[in-house]
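A.B. asks: Turn these sequences into a full structure, and let the hints steer you where they fit.
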Amino acid sequence: MTQTLLIELLTEELPPKALAKLGKAFADGIVNGLKSRDFLEADSVATAYATPRRLAVSITKVRAVSPDKSIREKVLPVSVALDANGNGTPPLAKKLAALGFPDLTVADLERAQDGKAESFFYTYTASGSALQAGLQAALEDSVAKLPIPKVMSYQRPDGATVQFVRPAHALVALHGDAVLPLTLLGLTGGNVTEGHRFLTAPGQRAVTIANADAYVATLKADGKVLASVEDRKEQIRAELLAKAGADTVLMPESLLDEVSALVEWPVVYECKFEDEFLAVPQECLILTMQTNQKYFALTDANGKLRSRFLIVSNIATDTPAAIIGGNERVVRPRLSDAKFFFEQDKKKTLESRLPLLKNVVYHNKLGTQAERSDRVTALAGAIAAKLGADVALTERAARLSKADLLTDMVGEFPELQGIMGTYYARNDGEKEDVALAASEHYQPRFAGDALPSTVTGTAVALADKLETLVGIWAIGLQPTGDKDPFALRRHALGVLRMLIEKRLSLSISGLLADAAKQFNAVAGFKDPTTEVAAFMLDRLRGILRERGFSVNEIEAVVAQNPDRLDDIVQRLEAVQAFAALPESASLAAANKRITNILKKNEEALAAVGEAGVNVALLKDVAEVNLNAAVVRVLPEIDAAFNQGDFAGTLKTLAQLKNEVDAFFNDVMVMAEDVALRNNRLALLSSLHGMMNRVADISKLAV
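Residue numbers (our numbering): 338 to 1039.
Derived by calculation from the structure, the hints in this document are not laboratory data.
A portion of the hints provided could be inaccurate.
[What the hints assert, rightly or not] Within a straight-line C-alpha distance of at most 25 Å, the following computed PhoX-like cross-link-like pairs (lysine-lysine) qualify:
| id | residue 1 | residue 2 |
| --- | --- | --- |
| 1 | Lys361 | Lys561 |
| 2 | Lys863 | Lys820 |
| 3 | Lys432 | Lys411 |
| 4 | Lys702 | Lys641 |
| 5 | Lys432 | Lys406 |
| 6 | Lys956 | Lys994 |
| 7 | Lys406 | Lys372 |
| 8 | Lys631 | Lys641 |
In this text, all values refer to a predicted model and were calculated from it rather than measured experimentally.
C.D. replies: What follows is the structure, given as structure tokens:
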């Protein structure tokens, strides 16, 4: 017989940022423990619950007793179990006793091959175990393995000291309506939990769960608690949108997750602050509301911050004035601090702060932020020159790009670096490109983030990321496994995205070489550009996979180690179109064969040199026809390629299918006559170069 199982552990308030992980781990541990002990049906469904004061899991179709099992036990090798006369030995008797079968004889055992020798086996049926025993072990294992951020010790009423994430007060353990008397953390399983700390009267806080299936409904009706994190989150989202009205509510998922872990019965209220604070950059106000107070800011249709905001409370009341007033009083000093920092910072220009960068260590092996700023400035200027941008303007932007690190506002809110630089640069009267570069040089900050909007910002962003990649790699701090403390993967992806999406005609090797030059003054610097280039190509493969290209299509292009990426998407699209042609498979296979032949005969090809194909040495019809076809289509391929028509270039190759197939069917490339053999190699080399101009189509061969 199966029933729904419910386990709930009631505690003091759990750490909100860890709640989701704790809830999942608690549920997964119990589910896996029961599954391994065969207490679950194949279609059992587990649901995890977590609130600020409880971890719980509900599992359907849980067996009261695990099924009987047939067990085949190896006893001993025959050579050990029997003596010379075929009688059982003392070791056999000892082994059978240890297994719990002292009355068995040799006749009761199965003799079977065991590898290269024979052994005795005994098959028996083990009775299933009761749920309570299996669940007790599963519960203890689950709790022991919880990802607890910090364990605390507390004393139980009976005087025993217990260690757990927070003091535990009750354990609910129900199989259907039957209570399982499990024990954990000094508690014994029952069917009574507690309702909401504030919305239930102290004397009426106990909530009895009559049946495991009634857990969620009972807790909601009698305890004013929404057990599901997702239910609370979606209720908060819906109420925020309703309260926002025509305005837009800023609700990052991370903030929604954290607030959902702070309340058991979420209620949204509207609060306000004084309009005078709107003179402060809205990013500062939004960040302080979200980070320090867990409030939700509102913006109008134009994205401008409103002086009203929304809070999520754990208390539902018809008279929320005290709650609203209290939150408004709490946020006011934080906004005042932001306003003070902003006004104070504006009294000093960004340029006047630059000398202080000498006091900020970037890395003990790479010098100060001032030295890093010099490197980024020089590199940005070099990149700007290649892009035809204003070098002086770009160098100015790069020079000021890190100055806001020394402001009070960024000191309080490091997340605002760059953003505040833009505000302060405008306040200082800097040109708009310089101001924008202060924030844009950090872009893209994450997957899907916008790229710099100006060529100045692009040059500084490239310089900043390339300097980090080369410098950090050179001192041996490249990414390893899942560790990437300096975000080199993100920096590489940022560089690649700018090169691809902005179609910048910049050489990767040239950019890395320019970056490496900036470290000439760094003692012991070892140029890592070869390794960094390979690292970037690996990241490039990932970007292209995300764009929907297949592994073979990507390899056809990336295997050629492209140094420029401004046309790589167009090349891939051409490869994709070529792969769809009926002739592509045959030509890809032929190209693969040609590649292998040429690799094995590099010395012979070197001897032929630039002489190319000698028409007079072409004797077989198939090779004459192939050479004629190559000569015929070459101008067409040249014209298409020079115009950037990569699809047209590859499509033209399809005209060669019949001649290529005939050549490999009828012509012996490795002829005994050296002159004939070398001439045929020269023909294949010419064909190979033409076929692989856009991509290495041999990579398309299955």
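A.B. asks: Each hint: holds or not?
C.D. replies: Verification of the supplied hints:
no., hint, result
1, Lys361 to Lys561, "22 Å, holds"
2, Lys863 to Lys820, "22 Å, holds"
3, Lys432 to Lys411, "10 Å, holds"
4, Lys702 to Lys641, "44 Å, violated"
5, Lys432 to Lys406, "21 Å, holds"
6, Lys956 to Lys994, "20 Å, holds"
7, Lys406 to Lys372, "15 Å, holds"
8, Lys631 to Lys641, "20 Å, holds"
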